[in-house]
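Protein chains in written order, with UniProt numbering: chain A, 1 to 491; chain B, 1 to 491.
Hints were generated in silico from the structure; no laboratory data involved. Please note that a few of the clues may not be correct.
No copy is singled out in the list; a pair is fine if it fits within one copy or between any two copies.
Stated by the list, open to error - Derived pair list, reagent style DSSO-like, types lysine-lysine, alpha-carbon separation capped at 30 Å:
no.: 1; residue 1: K167; residue 2: K96
no.: 2; residue 1: K292; residue 2: K167
no.: 3; residue 1: K49; residue 2: K104
no.: 4; residue 1: K96; residue 2: K49
no.: 5; residue 1: K344; residue 2: K313
no.: 6; residue 1: K33; residue 2: K45
no.: 7; residue 1: K33; residue 2: K167
no.: 8; residue 1: K292; residue 2: K363
So you can see what is in the structure, the chains are spelled out below.
Number of protein chains: 2
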Amino acid sequence: MPFTTCIRARSLSTAANRFGLPPTIRQILSATKVDEPIAVTGWVKSIRKQKNIAFGVLSDGSSPMGLQAVFRENLGERVKLITNGTSIYVRGNIVKSPGSGQDKELLVEDVEILGACDPETYPIQKKTHAPEYLRDYTHLRARTDSIAAMVRLRGHLMRELDRYFEKQGFAYAHTPILTTGDAEGGGEAFRIAPVPPPPNHEFFGHHAYLTVSHQLHLEALSHSLGRVYTLSPCFRAERGVTRRHLAEFWMLEAEWNVMPIDDPRAQTASLCDFVEGVVKGSVGDSGIIHGKDVDVLWRHRDVDSASEDVKLKRREALVRAVTTDAPWPKMSYSDAIRELLKSKQEWTFPVVWGNALQTEHEKWLSETLVGGPVFVTDYPAGIKPFYMRANPPVDGEDEATVGCFDLLVPHLGELVGGSMREERLDVLHASMASKHMDGERYGWYGDLRRFGGAPHVGFGMGFERLLGWIGGIENVRECVPMPRWAGRMIL
Amino acid sequence: MPFTTCIRARSLSTAANRFGLPPTIRQILSATKVDEPIAVTGWVKSIRKQKNIAFGVLSDGSSPMGLQAVFRENLGERVKLITNGTSIYVRGNIVKSPGSGQDKELLVEDVEILGACDPETYPIQKKTHAPEYLRDYTHLRARTDSIAAMVRLRGHLMRELDRYFEKQGFAYAHTPILTTGDAEGGGEAFRIAPVPPPPNHEFFGHHAYLTVSHQLHLEALSHSLGRVYTLSPCFRAERGVTRRHLAEFWMLEAEWNVMPIDDPRAQTASLCDFVEGVVKGSVGDSGIIHGKDVDVLWRHRDVDSASEDVKLKRREALVRAVTTDAPWPKMSYSDAIRELLKSKQEWTFPVVWGNALQTEHEKWLSETLVGGPVFVTDYPAGIKPFYMRANPPVDGEDEATVGCFDLLVPHLGELVGGSMREERLDVLHASMASKHMDGERYGWYGDLRRFGGAPHVGFGMGFERLLGWIGGIENVRECVPMPRWAGRMIL
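Extracted from the complex, chain A is given alone in its bound form (with noise of 0.2 Å):
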């Protein structure tokens, strides 16, 4: 057979070489020896060009490090064609570096250009450029160092995230994105079109919309699976335009059963526990929180605009919150009105139980009262969902409360919000009738509880929150390569 001469034996010793791939950028300078011989292709992020020889820093996106390469006259005439932006391939020895703030540099035995780049038209200048002026190219704001660091960060948490919870027992399920569900009518969730024309034929043969959060599919899951979480996108399609807010974004989803105890306020404070433990394993005790993206994050003025003090402060406050032994502040929602309604600050929104906290209640919470991570629990049915666990009465409170939490982180607000899911059918089914809602619909959702019914809690963490918030990232938008919010979409 002719095509049997493609294949090329070999020998199990070279199989490994077969599959990989080149060093990076941050694998030479983690592991290459001095005078081993490498070979690179990169884009030039810096070049400063003296007399008889040049110095360049090349970027390959594997390590917010750049590889120094030292360009002598042999190269004169092709290193004139370089500039910021070059893509290049360079071959040459790792030597110890004369200068400071490198150990070694790649000296350049021969250099081949790639892929130019017009110093005059390139959109992303050796400079600061303000977010706003990145948002318009996005196709190439990876190229900064904060977006490419951010990036980086993002796949390094999911990996942490995900060691986290397979820890714990967890698998990871993959819930659907399209859904019959539109958010209860609250017109927050996109419809998917009908394709093709004409109008009334629909592709699923009824509605279907993006889905706005895993988590009632997630609890299907979790009634075999036991323990389940997803990382996955999220729509909404909130006109607002805040800081905070993205039409896609990711969320962290988690659902598991537990243990029956008698004092629900119990299970409610475990599973406060239970997220401060996700946290501080995948950022504190993972040391990304010491990584040098966070680093570059955190000095760049490009995805934050505040006072070197200010951020120095709010960073040092994040690394004891997320490193320290000691467990973050637990406090109902009754505990919580009383303590704004002591504080004597004057409210935009009245404080009175029995209605949403706002964003400045949650702020001064975090950032005033506690001046740290705060989880406060238990608000009350009426501003919260339906499948929310019923808590008994308590001695004081005449009105219903459930069983619930969000973790609040100063600068940020709300960056985790969970609670105990109602198992009892009959009290599902009040709960729904309350809000009136169509019980019909969510049959799927009570037949978990009528066959087999167990225990069971459940949380979800906006990833680009998190993100924002360990990298010090001003607005969401920062936080995702590719954002898109209400107005805007490009690519």
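Following the hints, complete the assembly by docking chain B onto the known chain A.
Relative to chain A, chain B alone:
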């Protein structure tokens, strides 16, 4: 402050315990010693009641192996209420099992019934259900052994893939689901409906679609991050209903920059090698292929109705393919056409150079000619997308080809497709013009080449197809927890 009473002071030594959940059945089976007391919540998978004793198998979803639980006389009244699917909380001691089939079992001291399960109406009976029946109970079908194994396997596979990519220096990146692209007007993209009405008002100010592939956006990121991959949902509004197509599916896509090589065919061969490494590394070397979940899937008839004999042979061939040190064969499209013409088969679709390979051709190449996975490379430019890199002409071939491959595997067909991407701006523009594309709309894509372009490659692998291949699952609808296809979406 009153809320400080909620702060439960804990020593460092209890911090891990505070964050940790109790052991799962998987952890109990692997780590708990005889005579240790345990407590666990789970579902009864089966129960055999005798006069003074009852034997149950308990699952909490963490493992395909259940925990055998022995209920003695003292629990008689409560045991009477236990049926398949009942959710219970048990406490007791792990003892050495006298029976065969397991080393340890749980001697139950106390049992609490958390959620009953009426055997008369419970849709999941203790027997093999047809896939079509189970699809009507999407919210409950993960309670079957095979669908639970599939969901766990998805998560496990994702983790192993990520580990492989991490070792190779890739960053995991999130590219958008909502895009401006409509898959080149092919009519297979879902459009986002304007919300709220009136219909002339678009949320983003222009049409928006659900992505059909993340490749173009990943290319933008690979021109900064160097090596990027994603595992993300993709959407195709294909009305054709086959066992290989879903309206919503997950695709693993990777893009990375490569060293310049003079011979493009060697570059493509090297790309094939990398893909072979991804599959062998994550499925074979990781041990997944020998895992219990894969075993459950191959043994259950509800995900593939083929005979035992046929399945055994297929499974052996699969294990060989993903664990062999021998490279998977590569053949050019032209060689494939020659082999098909020589085969003397009766083809439904004529074999003509320049036509796409049909499923019957792909199956014959991998199942009959090669008897395993095979890479077919260098397809005619006319049947491939605009972004694939043009090959230089070779002797004996008049027609233009592109540097690309499809990986064909037995009983499935195409598992992976990839190519070198055209990095030469003038050649890219000519390719777009020959396909009557609007170059203006892809200005941003051209910019990636205009400013520091570099030779790069990439591929896409259908995640459900990979799962179906390694799990011996006949239909992709059983490769995702809650499938959506033309005319069908529940929940």
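Status of the hints after comparison with the structure:
| no. | hint | result |
| --- | --- | --- |
| 1 | K167 - K96 | between (41 Å within a copy, 26 Å between copies) |
| 2 | K292 - K167 | both (26 Å within a copy, 19 Å between copies) |
| 3 | K49 - K104 | within (20 Å within a copy, 72 Å between copies) |
| 4 | K96 - K49 | within (21 Å within a copy, 76 Å between copies) |
| 5 | K344 - K313 | within (26 Å within a copy, 77 Å between copies) |
| 6 | K33 - K45 | within (23 Å within a copy, 58 Å between copies) |
| 7 | K33 - K167 | between (35 Å within a copy, 20 Å between copies) |
| 8 | K292 - K363 | within (28 Å within a copy, 49 Å between copies) |
In this structure, none of the earlier numbered hints is contradicted; all agree with it.
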